[in-house]
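Protein chains in written order, with the numbering used here: chain Z, 39 to 349; chain R, 39 to 349; chain A, 39 to 349; chain E, 39 to 349; chain C, 39 to 349; chain F, 39 to 349.
Since the hints were derived computationally from the structure, they do not count as laboratory data.
Only a predicted model underlies this, so the values are computations on that prediction, with no experimental measurement involved.
Just so you know, not all the hints are guaranteed correct.
As the list makes no split between identical chains, a pair holds if one copy fits it or if it spans any two.
Computed list of lysine-lysine pairs in DSSO-like fashion (alpha-carbon distance at most 30 angstroms, straight line) [said to hold, decoys possible]:
{"no.": "1", "residue 1": "341", "residue 2": "241"}
{"no.": "2", "residue 1": "257", "residue 2": "241"}
{"no.": "3", "residue 1": "341", "residue 2": "267"}
{"no.": "4", "residue 1": "267", "residue 2": "257"}
{"no.": "5", "residue 1": "141", "residue 2": "252"}
{"no.": "6", "residue 1": "267", "residue 2": "241"}
{"no.": "7", "residue 1": "241", "residue 2": "340"}
{"no.": "8", "residue 1": "267", "residue 2": "340"}
{"no.": "9", "residue 1": "141", "residue 2": "257"}
{"no.": "10", "residue 1": "267", "residue 2": "252"}
{"no.": "11", "residue 1": "241", "residue 2": "252"}
One letter stands for each residue in the lines below.
There are 6 protein chains.
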Amino acid sequence: MIVRIDRLQTELPPPSDPDPAGAAAVQELMGGRFGEMSTLMNYTFQSFNFRNRQGARPFYDLIANIAAEEFGHIELVAATINTMLTGASPTDDGKAPSASLAKVKGVGNPHHFLAGGQGALPQDSNGRPWNGDYVFSSGDLVEDLTHNFFLETGARNNKLKVYEMVEHPAARALTGFLLVRGGVHQIAYARALERLTGADLTKLFPAPRIPTEKIPECKPHIDQGLHLKLFRFSPEDYREIVAVFNGPHPETGEELEVVDEAPEGFAPNDLPSQPAVFAPDYAPEEIAEIAARLRDEAGLPKKPTGVVANA
Amino acid sequence: MIVRIDRLQTELPPPSDPDPAGAAAVQELMGGRFGEMSTLMNYTFQSFNFRNRQGARPFYDLIANIAAEEFGHIELVAATINTMLTGASPTDDGKAPSASLAKVKGVGNPHHFLAGGQGALPQDSNGRPWNGDYVFSSGDLVEDLTHNFFLETGARNNKLKVYEMVEHPAARALTGFLLVRGGVHQIAYARALERLTGADLTKLFPAPRIPTEKIPECKPHIDQGLHLKLFRFSPEDYREIVAVFNGPHPETGEELEVVDEAPEGFAPNDLPSQPAVFAPDYAPEEIAEIAARLRDEAGLPKKPTGVVANA
Amino acid sequence: MIVRIDRLQTELPPPSDPDPAGAAAVQELMGGRFGEMSTLMNYTFQSFNFRNRQGARPFYDLIANIAAEEFGHIELVAATINTMLTGASPTDDGKAPSASLAKVKGVGNPHHFLAGGQGALPQDSNGRPWNGDYVFSSGDLVEDLTHNFFLETGARNNKLKVYEMVEHPAARALTGFLLVRGGVHQIAYARALERLTGADLTKLFPAPRIPTEKIPECKPHIDQGLHLKLFRFSPEDYREIVAVFNGPHPETGEELEVVDEAPEGFAPNDLPSQPAVFAPDYAPEEIAEIAARLRDEAGLPKKPTGVVANA
Amino acid sequence: MIVRIDRLQTELPPPSDPDPAGAAAVQELMGGRFGEMSTLMNYTFQSFNFRNRQGARPFYDLIANIAAEEFGHIELVAATINTMLTGASPTDDGKAPSASLAKVKGVGNPHHFLAGGQGALPQDSNGRPWNGDYVFSSGDLVEDLTHNFFLETGARNNKLKVYEMVEHPAARALTGFLLVRGGVHQIAYARALERLTGADLTKLFPAPRIPTEKIPECKPHIDQGLHLKLFRFSPEDYREIVAVFNGPHPETGEELEVVDEAPEGFAPNDLPSQPAVFAPDYAPEEIAEIAARLRDEAGLPKKPTGVVANA
Amino acid sequence: MIVRIDRLQTELPPPSDPDPAGAAAVQELMGGRFGEMSTLMNYTFQSFNFRNRQGARPFYDLIANIAAEEFGHIELVAATINTMLTGASPTDDGKAPSASLAKVKGVGNPHHFLAGGQGALPQDSNGRPWNGDYVFSSGDLVEDLTHNFFLETGARNNKLKVYEMVEHPAARALTGFLLVRGGVHQIAYARALERLTGADLTKLFPAPRIPTEKIPECKPHIDQGLHLKLFRFSPEDYREIVAVFNGPHPETGEELEVVDEAPEGFAPNDLPSQPAVFAPDYAPEEIAEIAARLRDEAGLPKKPTGVVANA
Amino acid sequence: MIVRIDRLQTELPPPSDPDPAGAAAVQELMGGRFGEMSTLMNYTFQSFNFRNRQGARPFYDLIANIAAEEFGHIELVAATINTMLTGASPTDDGKAPSASLAKVKGVGNPHHFLAGGQGALPQDSNGRPWNGDYVFSSGDLVEDLTHNFFLETGARNNKLKVYEMVEHPAARALTGFLLVRGGVHQIAYARALERLTGADLTKLFPAPRIPTEKIPECKPHIDQGLHLKLFRFSPEDYREIVAVFNGPHPETGEELEVVDEAPEGFAPNDLPSQPAVFAPDYAPEEIAEIAARLRDEAGLPKKPTGVVANA
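Bound-form chain Z, shown alone (with noise of 0.2 angstroms):
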């Protein structure tokens, strides 16, 4: 089970000018072969199917950890989408049917718009949609552990050159984050490697070959420590990740560490209403009333409970 916090684990930038172009790029880390849904689905799944989990404990605890982190991860892409989309369909006087997409036309990636309120979607740059044969597991503890090397390296790789691809500062707010996070996430499946076989993988760091610290937007992470730390995203569950996640980073030498409890994480903006696609609706301000009315009803405040960056 998961419970579910609204929270993001970074902050993001506010919309500022829109870029379909750069959002359509940014898809290929939430839909890509090597993005965030991959990254999710394949931890999750080999945490499920994880046989004889009390012999190998701290494996699991491991792997079922890195998955709830990665829950995080699509949604910062998707938060980072939205926010690259907004403004994109200007309504003149806000209302009558016009030509309000004109402008995208030919730009981005058509779905965006189309299927979508401006918003993200499960497909990668190409526009096709993520699919479950992105998944690897084996079962073989061994195995899996090595294609999850291969798949953070192939991660990092796109994270990389969708970094130097689009400039916006939501998509560079989101890749500076990732590449530290997903760094971290390499070590750990490096090192769980090495304490099953022997084999020294920290030698094949950084993998691409570009130190993360070279990357401006990663600094204040890193001076946070946030390349060194594996938060354990459970009140109770996966304590026995520190057995594997520990020792020397491999290319800076400092001592990983394990973080006992989740991070605080950044309240999200609450993107406004794009009714040139009906995204919450073509008159988002009846849909408004009726909330307020319905929330007046059942005695909640006033103001909404919700915690937003922009409130």
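Add chains R, A, E, C and F to chain Z, keeping to what the hints say.
Same frame as chain Z, but now just chains R, A, E, C and F:
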């Protein structure tokens, strides 16, 4: 973000006679168009993409909160499939390369054995992978809710039919539970639409037209009132679901109810190794030995900290 | 535009012993690369996309007209599959949730039961969906005709093999008829190519090299001359097919013939409800009651106006 | 069976400025999940698979009859795309191999030029093929109708957005017409559900919440009452649609109406050859010559018998 | 460029009892994610896309050369499947249309019979086609090698499991050989990574943890030293593989060895016609007659020049 | 088996101005339904699956031998795409993480940069992966040859259109060559069908109806007689192709000719590193250094042994 709790939402029986053909059918509830991957990912993306959350908070909270419950459902389907596959690859002397899979040649989904370690896959009953095309996230609240009501109806259909097709005790425990919980979600989305538009969808219940209480395996859950309760799967968020999820149950007339915390859940079974498919290894005892040493070095207690039903 | 006539192009037997494994095989003739969805959609798109129709009218008319006949073929394949699936889900007392589908676990295409109501699907014999990649519409007339000749050849191959694989009377009635009609289309496209280029493709007949008249179930149709006739499936259009479809039949030497109207057809069987899969309902009698009332209110006669074979 | 009438359900303008990027977007209305291929094939399969037709005749007739109208819709979408692509490959001297497609490199859907002859494809706006997974045919009447209502709602959403994205006159003529006709189908399915269950879905109208009459290109069709009429697309069958399609229009309150024959329709434009893509040939005049000779030999009049708008 | 030598890399037994269900399972080794199509195409594309070949020649040579060997592996898998399918369609009197495929209804992959002529397909064990998403070619040498090591590990897993599932002598001959040769490639990529980074991956061997020599069908190949040899599959090129492929075998400690030419190979069996599926014809003797005449006219000797095992 | 020769079948120009949009279009010739992956894999599987080879030797030899030539074609398409992508990611100071891919955001196929290292992919011009459904291998010789003739016709169409769309010198060199060689294969399959059945398909030439000699880039190859020659791509095998490939060229009347060995070919260009996409590394000089050392240790000469055009 999520935090993960290593417990199941309902109790599943321990492995008994393996049923690989049945496990292949149960995959429909995992990776089919109306499977739990679809409910999880539809509501998750809709919550990510929800614009003007503050203005429509009760609806946002409803979708985001149900998404959280659905994670527990893919977990249950996986556990069921894994239970049903346990024991399907007998090893004579336990080790030597032999024909341990000869009996399952032509039976069930070959990927359960060739690709996985007798484990669940993100595929449907035809062995086709779940894919992102199954996600509908238009951003238009009325449409998304209409979709969700339809999705839950299709899901209920599939659960009823898997119930009829597969008699294995784990499959029956699964469908008995999911029918009750899916029914609650069906009601929640119908009620949300009613609140927004006035349309009385409760007259469509039950859909399909077979009442849930006719199914023996649903009875214990109904007796506990699980057909009436929406759990709030978050310590602090999604408080406004009460503004939508209320009023009478469309079939029984009993009052719907919000429970202000996640259910306690049940410890999962630790399913035994299946060495013929190398899950978690050809020689699982070696991993256990390494794990014991690592746990010791990390100062963990001798007994694994993880809680399982069959410790 | 089309108008629809609720009759089948050939007579099918009523349901007898169900044959779900056979029905799964017959799906190849529906949704396979060379199935009737493919012939229908290839010719339909080619007719839609045909440029300079007036300049090449006889060829346009030929393709557009054959497309119309193909609709009747997907209808026949569906009716065959539905007939073969009828009776595959016995209900003991007719109603209570039980194990009505236990017998078909692991048999045939599970989607016939889990996704459908013992009904046909746009899938092939491997349970994979028909898709638009199967459509070839280059716009180049010589190429499109070359493709169509090849497509009909592949389709004839598939029909012959389904004939050999499935002995159910409905499947045999289907393949017996389709082999004769597909043969006419194969000739039509060969002749069109011959008219355009002079290439004598009739020397390729029969392809595969097994003569149609060797197949007992084809004989009655051949005796009626159905192997020689191209029906004009339009009240006013496609009159110029006579300019292409003429000359001797490549195998028998008999003169080909254009029939200036659609065939009369046969009333379809009204297949019985299958309540175990809720088709058309868990309690079909309730729907019948409502329908009777609605019909009454609309001033329709007591007896349903639809014409079925087994009224 | 069908018979085909070579006319369009609405009038389309002749080719003007080509718009390949727009044509790529319009593909969503053809091969997208909510495109016309989907409405056509969903209702077609549901009608094929309908069990106990006599007992539920008015509902069978409704679905089967709407399926017939949808064929005309894929025809219209194709004609629109073809119109928009006409002229996109200028040939300087008309013949010599040159760079006639250089201008469309990187613009729109490359398959319009590389795979097709500047012609429509069974693909969506991302260039992905339509596939059979988009068909829902559960056999359960209430579910199928719920699906159909949802499908029409998603289709209306897509039409509105394509309207906003593409200003080409052919696209606007198309969406203006389809919005009106799709609206009728949305009502038909809502009404059918109401008749069966009592649920008042008319309160969901319009969905999306933008009224059809606000769209200028819809107005002429509304003025002719096309938003109220369901045509019976069959000479003899589907007479019982009147038992379901009646009562007031959910938005205007006007009485719904069954028209007892197919609409007259409009002659299609004969779109000119595009020799750069060999449609219908690199040297179209040669085909025309052969066609003229064949027609002559067949005793057909000198003037082509086909009726086109621009004869 | 390649030149092709019509011999197999190992000896396969002649057809014996057909095993269509086994043949369906063996397809995983052809078109599965870790099948031989994948190894062939991954290394082929990586060699095509290799930049700065002169600067990294030994690594380029290694990948390009292994790609060449993999072609022989898809050839072997195909020959195995074809052998296993031979005899599965008995014809009573040899010719008349009958029910020659009735026995394989519901058995194995229906496409082996309906789409093919009892022949291999580019599909996996679930009947799903191999696709280009299975190719990883990042251009980053360390990543590509990491991938290749992982790919070979997954491939070894699949071979071991097909070994356990399918006892047919052809399948056992195949897996026995492929396990030995795949093991060499696994070592080659591990060694390449070690040479580039210093990481000692040999500690991961064997992966899965079952030693190859435990498998009886591998023994003869090991006795010939095939587990140590990398053949140079080129008359002039790829000479620098010796710079990487050297040092001790990770399991046995024996010295690895480059063989400076392709192995001699074995003549393939000429598999008999299967007239029920028209392979190569319904009346194969007619083709033989034509071939004999053509050969005669071309001045070829009376006896076919091709070398087959069972001439 | 194959042996591989590290040379190209035709000469390609060195990199000039990058053309990522053009490279995306050229992908159709790689991974499209009619691309070179399709010709390679169709003929390869048909040769693998050919039954009664001795009885039909000339036809087996023809298909098997053309398959071998096609490998050289996928190699050429890859080299072309790689050439066109070279230089598309300028690095300012060569190293620091920057925005080297900003210029290609929204241009061409994003996977060329995000998934690959500015390298070719097994995808089509819409970014969709090649898949095994594109392979037709019925086992029926007449059908397979009919298919192959059709496939080559579709392939010629695609090459002509890519020629028209992409003016980059590498693309023109590619299409000029492939049109000539594809033409030979088109003739070969037409002739084979003629030999088997008597059908004179040469009247369909040229298809599409634009003569190859009209294309300037084809002229040099025609001048060398490449339109007449079938090379035997095997040292010992496939000698019987002469029994089929003979007689006059359908367009020019010149005698067709079998060349008894593979062409000599041309050394490929060694394309430069693209460090912004880490191909072959972020710091390529480090790999070069390691390679030099390894080569030295292996006793190889100082100069790389590989032969490249731009050494």
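- Between residue 241 and residue 252, at a C-alpha cutoff of 30 angstroms, which is it: within one copy, between copies, both, or neither? Classified as within; 19 angstroms inside a copy, 32 angstroms across copies.
- Message: Treating 30 angstroms as the Cα threshold, decide for residue 341 and residue 241: within, between, both or neither.
- Response: between (54 angstroms within a copy, 29 angstroms between copies)
- How would you label the pair residue 141, residue 252 (within, between, both, or neither) given a Cα cut-off of 30 angstroms? between (36 angstroms within a copy, 22 angstroms between copies)
- Message: Reference check for the pair residue 341 and residue 267, CA-CA at most 30 angstroms: within, between, both, or neither?
- Response: between (37 angstroms within a copy, 26 angstroms between copies)
- residue 241 and residue 340: within-copy, between-copy, both or neither at 30 angstroms Cα: between (57 angstroms within a copy, 28 angstroms between copies)
- Up to 30 angstroms between alpha-carbons, please classify residue 257 paired with residue 241: within, between, both or neither. So residue 257 and residue 241 pass the 30 angstroms test inside one copy only (23 angstroms; across, 35 angstroms).
- Between residue 267 and residue 257, at a C-alpha cutoff of 30 angstroms, which is it: within one copy, between copies, both, or neither? Cα proximity of residue 267 and residue 257: one copy only (15 angstroms, versus 46 angstroms across).
- Task: First find the shortest C-alpha distance between residue 267 and residue 340 inside one copy, then the shortest across copies, and answer within, between, both or neither for a cut-off of 30 angstroms.
- Result: Answer is between; shortest inter-copy Cα gap is 25 angstroms, intra-copy 40 angstroms.
- Item | 30 angstroms Cα threshold - placement of residue 241 relative to residue 267 | both (20 angstroms within a copy, 27 angstroms between copies)
- Message: Cα distance capped at 30 angstroms. Does residue 141 pair with residue 257 within a copy, between copies, both, or neither?
- Response: Between copies only: 25 angstroms across chains, 36 angstroms inside a chain, cut-off 30 angstroms.
- Task: Tell me, please, which holds for residue 267 and residue 252 at an alpha-carbon limit of 30 angstroms: within, between, both or neither?
- Result: For residue 267 and residue 252, the Cα distance is within 30 angstroms only inside one copy (19 angstroms; across copies 43 angstroms).
The structure shown violates none of the earlier numbered hints.
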